[in-house]
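Trainee: For reference, the chains in residue letters:
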Amino acid sequence: MSIDCEDQELLEGFLAETTELLEKLDDDLISLEKSPEDAELMNRIFRSIHTVKGASSFLGFDMLVKVTHKTEDVLNRLRKLELSLTPEIMDVILEAVDLVKTLVSDIKGGDIVERDLEGTISKLIPYLSENAFEATVLAPVFAPKQQSAATPPPAPEAQPEGPAEGAASFAAEAAATAVQEAPAAERAAAPQPVAPAAQPKPQPVKEPQKPAAKGEDLSDNSTVRVDVKRLDDLMNQVGELVLERNRMIQLHSDYQSGLDPTGFGDDFGKLSKRLNFVTSELQMQVLKMRMLPVEKVFKKFPRIVRNLARDLGKEVDLVIYGEETELDRSVVDEIGDPLIHLIRNALDHGLETPDQRLASGKERTGTVVLSAAHEGNQIVISIKDDGRGIDPERVSKKALEKGLITEEQLASMGSREILDLLFLPGFSTKEQTTDLSGRGVGMDVVRTNIRKLNGIIEIKNDIGNGTEFILKLPLTLAIIQSLLVEVEREVYSIPLASVIETMRVSKKEFHMIGGQEVLKLRDSVLPLLRLQHTFGCQEFYSERDTCYVVIVGVAEKRIGLIVTRLLGQQEVAIKSLGKFLSNLPGIGGSTIMGDGRVALIVDPIGLVGGGAA
Amino acid sequence: METALTKVKSEEYGGELIQLVSFNLEKEEYGINVLMVREIIRMLNITRVPNTPHYVEGVINLRGKVIPIISLRRKFDLMEAEYDKRTRIMVMEVVGELMGFIVDEVSEVIRISEKEIQPPPPVVSSGIEQECMSGVINQAERLLVLLDLEKMFSADERRMFSNVA
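First to last, the protein sequences are chains A and B. Numbering (our numbering) for the first sequence: 1 to 613. Numbering (our numbering) for the second sequence: 1001 to 1165.
So here's chain A without its partners, still in its complex pose:
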């Protein structure tokens, strides 16, 4: 149900706060399991869940209250050391927290769906058996059906999207505490403070609309919280910009009226320098506001690793570095899934079981290192395990078995290319499909998402000692660093994030393999693409025998683009070509150059993607 406008602000506050608390909660709970004696941590967890409970009862979200209350009770017993923390209790608590998340995301989604609370609550109950105080308010006598019948407000106005939640203000809360023995239904139905015991109209129970599992992603990226300091800085920069503009207008009018034409060049030079400085500062500031710490994504991994390690019977230490590294919101949104798959792989395929590890002379507990760092204009995220590494022979054998490649193809592959087979859809080294892995989807997801972000994947493989997956992603997607190249007198811009290196080569060094022009480059064979053919440019320079090769990387693939000349590096703002020209292969957009002309931005994904599924 959607919620009343008046209280929208209240509700948004609640959602923002609760979401934050819940995100932190997961983290804290995992840490608690590692150090159960930490009283401070325990108290923090208790406070969080208590705050959620308080806020939701204030707003009349009864289902939430019910779950959080029970969880709080269990936590309370833990806190008083009446119970000792076991993995079983933790599992139940985590399950309860998940349920709370689902409920909160329901509220956020604007409609409250009936959820089965009893399953989770009944798991919590046993830990309360010796509990002194009885939870009268929330005694699970109400069937979940009744419960949810109450939650869509049976408002007198009989509005299906009713105001009960919001309108239930202080009075409603007072009512809630006062009329403890009254059915929850009645309390929730208190849209007017004066009539707390308004008889609820029996309403048909709402059908559960959406299946569960949207509680997963609570993080809301539609609004931005910006540090006031950053906002002030921004205002300062804008002030500077205004000053520079005034200076420019002044300069122009001086010039037009013929005052001191000799100094104009100098002044203009200085002005453009300052303007350059101010705009790039401004750009940085705005960029920063779009940035989120990668912590937002990393936060959920300790939990995932814990569960996974238990399911797999492995012992794993997850070490996280650089979670404060910031990156663009759009990147943060996309990076979660690939990381989950890579971590899963590290645990499932990479790390050995404790016994195997001991046998090969390693520590019993495996380590997975997840780290993030800035490197120039890129963010580098690495997932490194100290497991058994990837055996290229096994990989190639599997790929052959599954018919993903032919013997001939295999024969022409370097070790790099063999590792790239991991990314083929349908590839899996598992004999059996389990609920964890084996369908050969995971790495394909990784590849697809990283491609979407114009990122690069590198694999460092040390057989016997572990594997490292390195993801290199651009910082932002709106303004990019680009390499300007000339292709037969036409200017194209290649996103620098995809460029690995450039080189000048003589055309004699090109070889033909199976109808494909290639270049031997150190230990690998690089397929080449003549941009003038792809883009159908007229030839002007056919007689030249040297040209430049720009090596671009898209996810795990590398390809060399043959261009006539390199023009330089420039920061460009991406402009869409509009919907009529949006699907051109190899063209990702356009940008406007200093002289006002349009230059097209090459889309390396489109160029490389031709061959891939």
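No wet-lab data here; the hints were simulated from the structure.
Stretch by stretch, here's where chain B covers chain A in the computed footprint (C-beta under 8 Å, at least three residues):
#, segment
1, 533-543
2, 583-589
Examples of chain A residues toward chain B, derived with CB under 10 Å:
#, residue
3, E490
4, S576
5, L577
6, G578
7, K579
8, F580
9, M593
10, D595
11, G596
12, R597
13, V598
14, L600
Ideal Cβ positions, reconstructed from N, Cα and C, are used throughout, including at glycine.
Chain B: place on chain A using the hints.
Mentor: Chain B in isolation, oriented as in the chain A frame:
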């Protein structure tokens, strides 16, 4: 599109007059509802876009916005001609997107009465697709072909633009 025509008619001219921008293309005169036209600009540098239909001339920078440019000559399978100082780009909003159309010359804005528009002749010789001709105006010694570009592109867009290459 007929809505644009009816809008003018009902709102401003009480069912009487509509305004057309008239332009020339290979010595023929065409008319386009003035409400469709955003602006008329001189030729400027056009950046070629690879792998597009032959009539897409490229893209231009229109004050910070990149818009596609269509050559109406090529679109109508007319002979290519050199651009000269009378060549103009008519920027129009077609199916919600700004697009520029290159024409030989833009002459004037004329007012005609709705009644003067005759249905297009069943067979069109000049190669213009039947569907984007919405009528013919026969005024003393001039003959104006009324174009409906919206129709031309709503039909074409799906077929050509997105599936090319």
